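Take a look at the letters that make up each chain.
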Amino acid sequence: MQAMPKWADAVLIPLISILLAFFFSGLTILAIGKDPVVAIQTMVQGAFGSTNGLGYTLYYTTNFIFTGLAIAVAYHARLFNIGGEGQVMLGGLGVALVCLAIDWPHWTLALPAAMVGGAVFGAAWSFIPAYLQAKRGSHIVITTMMFNFIASAFVGYILLNYLKVPGSMSTESAGFSAGAHLPTFHEMLAPFGINFNKNAPANISFLIALLAAFGFWVLIWKTRLGYEIRSFGESESAAKYAGINPVRITVIAMMISGALCGLMAINNVMGEAERLIDNAPEGAGFIGIAVALMGRNHPVGIVLAALLFGFLYQGGAELTFWEAIPRELIIVIQGLVIMFTGALDNMVRAPLEKLFLTPRKNKKGA
Amino acid sequence: MTLMKSFLGAAATLAITAGGAIADPAIIYDLGGKFDKSFNEAAYNGAERWAAETGGTYRDVELSSDAQREQALRRFAESGYNPIVMAGFSFATSLEAVAADFPDTKFAIIDMVVDAPNVQSVVYSEHEGSYLVGVAAAYAAKGDTVSFIGGMDIPLISKFACGYAQGFKSVKPEGTVIVNMTGTTPAAWNDPVKGGELTRAQKSQGSEVVFAAAGGTGLGVLQTAADEDMLAIGVDSNQNYLQPGKVLTSMVKRVDNAVFQAFSQGTDLEPGFNVMGLANGGVSAAMDEFNAPLITEEMKMALAETEAKIISGEIVVHDYMSDSACPAY
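Sequences listed follow chains A and B, in order.
Using this note's numbering, you'd call the opening residue of the first sequence number 1 and step up by one each time.
Using this note's numbering, you'd call the opening residue of the second sequence number 1001 and step up by one each time.
So here's chain A without its partners, still in its complex pose (with noise of 0.2 Å):
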């Protein structure tokens, strides 16, 4: 089996469909009469040029990692997760609930605590579809999928009758005490001179989210269940001849992937709004896949990938405050990038395949 230097399928193919969705993009915003290399000077001003929009892409990215290391986990053993959007939001209401229990005295104790709220939610809520496919083979996209509107709907229920302020009109909970608030970048960096923002919501989830993309790594490619996970997803006939246990292996890697989702709150429920809002994830459940595809399901690549969106989401907030470039554009953008790197990827693999492999079968043949 032939195949293209291992740099070229991680960096290549991945920076080629970043620079055609570019492109494309970049004809969309001069059909719309606009000029792109502003458009561009200004997402990248924006994104990083101050320590204000370095801390929301960071804010941003933080989101994506936990989603996407959750998508890639399920992906390690051929479940694909669509369910993202729904376990953020269940970690979330985990999150909440620990916040809100107990008057936390230091965020210290706080922190560990609600990252087991949101991890336990958020596996709880992806074990349901999991039981279902491992026992019934009901389909986990279709299942997970469902899940989201199932957690929308009940978050907003726990939402508007239980914890929402009384009298209140937007749908959210009361506001977490000071000793759940969570170190900001700012509040991280002053002790070391460093003025970073202090209204930029990058908090020390970042530092999380780090620490698991190297959790995933090692449980992935270093541990026996990592292998496990990996070998049933390869192949779920040799896996269950080598006696996985093929229930066993889809549960654990689904809830593991929920638990993953389920920690992403602790950035934007307990970091940024220090409340429980309704729609709290905002699409970062569904922009995983995509970071996952993106960063073919490694940590290095995930945590590239996830950067890169947050600059979009950062840059796009940019683009439509200062260019009055429309919102719906940004999505457009968004999908851009997304449908070159992730459904359009054999369209650049394909040739750069040839190009790397008719040098090599010339030789073979002289």
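To be clear, the hints were calculated from the coordinates, so they are not data collected in a lab.
What you are looking at is a predicted structure, and each value in this text was computed from that prediction instead of being measured.
Some hints here could point you the wrong way.
Distance ranges between label pairs, derived from CB positions [as the list claims (entries may be wrong)]:
hint : chain 1 : residue 1 : chain 2 : residue 2 : range
1    : A       : K135      : B       : S1079     : 49 to 59 Å
2    : A       : N245      : B       : S1079     : 52 to 62 Å
3    : A       : L210      : B       : E1078     : 27 to 37 Å
4    : A       : N346      : B       : A1052     : 44 to 54 Å
5    : A       : L160      : B       : F1273     : 21 to 31 Å
6    : A       : A101      : B       : D1115     : 23 to 33 Å
7    : A       : Q45       : B       : E1270     : 34 to 44 Å
8    : A       : H106      : B       : G1313     : 46 to 56 Å
9    : B       : R1049     : A       : R78       : 52 to 62 Å
For each residue, glycine too, the CB sits at the ideal point set by N, CA and C.
Chain B: place on chain A using the hints.
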């Protein structure tokens, strides 16, 4: 044309930004987007009217995520936009944080009360306007059943429903007002299909006039009401033209006036309460050529009389939000 205008506006604003000193106003729409044919669009119209009349420029933005509320507020305040108007109650939490950091910037928030020395809270007496259209519904209906479809189940929408029921029952005390809410999540603001289903269900229960206070969902209500040969009542913007001859009237909430006023006052924006009621044209029942055939002389007189009585204080319409209860249902 509008596209061209907004480009020119943007270019002009950029030019001014480059110049340094600006005190242009800015408006931030809620997640529904500025062309929702309802609340946000009314705000947009107010801003456009101000721009057309004064030749001034303003900046506006449509948000795509909740985290952007505070971000947009701060970025605009940092860049010197003043005043900054927010369309929607969801900005309250963000505004509380931002207003304190920018004491010299004036803010106006619509549909919500934020207590800060540099914030104007614009609230509408929706119960009064709804009472008025409730009276209209009572005169338009032959039987004694009318109905209400709300968007998301929040106190503000119950305020509409309660005012409407009170108005209807002031004419037909033994009548029935069927009240349905589309949902409990923000998705309920934009579900025209469900709006249509609810309308059909209400029709089967005998309703003749349906009042929709449901954002984008209301478009489905108006459409279905027209198809089912019922009368509908629009909300926020004047929606009479959407189904000519089938929309009895619209409970217009002059969000555009609030925006226009805030923009016109500029940096002299008066902090505190700004109650927009029947008396100062903040709410009204829309009359135009599209609903003229539906408005009888009798109805017109009753409406004028009711309006006068509410303004004089002879009729006090109960505000649902004052005690979360409604005497009329």
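Evaluated hints:
Against the hinted window of 49 to 59 Å, the Cβ-Cβ separation of A/K135 and B/S1079 comes to about 57 Å, which satisfies the hint. For the hinted restraint 52 to 62 Å between A/N245 and B/S1079, the CB-CB distance of approximately 60 Å keeps it satisfied. For A/L210 paired with B/E1078, a C-beta distance near 30 Å keeps the hint of 27 to 37 Å intact. Separation of A/N346 from B/A1052 is about 52 Å and conforms to the stated range, judged on CB atoms against 44 to 54 Å.
The hint said 21 to 31 Å for the Cβ distance between A/L160 and B/F1273, and at roughly 28 Å that hint holds. Between A/A101 and B/D1115 the beta carbon distance is about 29 Å. The supplied range of 23 to 33 Å therefore holds. Against the hinted window of 34 to 44 Å, the Cβ-Cβ separation of A/Q45 and B/E1270 comes to about 37 Å, which satisfies the hint. Between A/H106 and B/G1313 the beta carbon distance is about 55 Å. The supplied range of 46 to 56 Å therefore holds.
Checking the proposed 52 to 62 Å range against B/R1049 and A/R78 shows it holds: the Cβ atoms sit about 58 Å from each other.
No hint from the list above goes unmet by this structure.
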